[in-house]
Amino acid sequence: ILNVEQSPQSLHVQEGDSTNFTCSFPSSNFYALHWYRWETAKSPEALFVMTLNGDEKKKGRISATLNTKEGYSYLYIKGSQPEDSATYLCAFISRGGGFKTIFGAGTRLFVKA
Amino acid sequence: DAGVIQSPRHEVTEMGQEVTLRCKPISGHNSLFWYRQTMMRGLELLIYFNNNVPIDDSGMPEDRFSAKMPNASFSTLKIQPSEPRDSAVYFCASSFKGRESSYNEQFFGPGTRLTVL
Numbered sequence: 001i002l003n004v005e006q007s008p009q010s011l012h013v014q015e016g017d018s019t020n021f022t023c024s025f026p027s028s029n030f031y032a033l034h035w036y037r038w039e040t041a042k043s044p045e046a047l048f049v050m051t052l053n054g055d056e057k058k059k060g061r062i063s064a065t066l067n068t069k070e071g072y073s074y075l076y077i078k079g080s081q082p083e084d085s086a087t088y089l090c091a092f093i094s095r096g097g098g099f100k101t102i103f104g105a106g107t108r109l110f111v112k113a
Numbered sequence: 001d002a003g004v005i006q007s008p009r010h011e012v013t014e015m016g017q018e019v020t021l022r023c024k025p026i027s028g029h030n031s032l033f034w035y036r037q038t039m040m041r042g043l044e045l046l047i048y049f050n051n052n053v054p055i056d057d058s059g060m061p062e063d064r065f066s067a068k069m070p071n072a073s074f075s076t077l078k079i080q081p082s083e084p085r086d087s088a089v090y091f092c093a094s095s096f097k098g099r100e101s102s103y104n105e106q107f108f109g110p111g112t113r114l115t116v117l
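As you go down the protein sequences, you meet chains A and B in turn. Quick note on numbering: the first sequence equals residues 1 to 113 in the numbering used here. Quick note on numbering: the second sequence equals residues 1 to 117 in the numbering used here.
In isolation and in its complexed conformation, chain A is listed as follows (with noise of 0.2 Å):
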């Protein structure tokens, strides 16, 4: 059974803090790992797609880093803002059999003004 742990469940921060939070994935048979930012009501939407070890990816304020030997990857948000406030999804993209796409169950992120 192929596990992705994402940590912490929610958070709280006022607006102007930076915070991170952690997607754990299984170390072996990575392909990929994907990052998604879902407000509510709407859809999930792409952020970063990572497949490097050592790769490191910025949009903005929002950034991740991905460990495939260790199998965890780091979203961090410089400066949050209200409009930040959303869960942020990671899915793992294991290799062999086919491709599967495994979600974690989202950090939900409160930024108060």
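Among the clues, some could well be false.
As the list claims (entries may be wrong) - Partial pick of chain A residues on the chain B-facing surface, computed with a CB cut under 10 Å:
#: 1; residue: K42
#: 2; residue: S43
#: 3; residue: L47
#: 4; residue: F48
#: 5; residue: I62
#: 6; residue: Y72
#: 7; residue: S85
#: 8; residue: F99
#: 9; residue: G104
Think of the hints as simulated: they come from the structure by calculation, not from any bench. Backbone N, C-alpha and C define an ideal beta-carbon position, used for all residues, glycine too.
Following the hints, position chain B against chain A.
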């Protein structure tokens, strides 16, 4: 581009009825995914297709669920007969996978909210 299109957006039906959910992927995408979102289990992959061929249906909960992709621009997810525990939001997503490249990010449709009474 209109994005991934799903219909209906909402469906309310009675237990035992057949339900058909529809999805039109983004033009040019060759991979299509069906997900179910519930409070208890989060976002679960039910099945995915690559070039219209089902690759992995191990997430389909039971024989009452079936999915087809007759061509590159259309897929259906059917539940027959439906049960109250099937109530959930069903998302369709599409992406492009090149021969040698990783699966690119998935683009999600707006979802179909299914309620089975």
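>> Checking each numbered hint in turn, tell me which of them this model violates, lowest number first.
In response: Of the numbered hints, 5, 6 and 7 do not hold.
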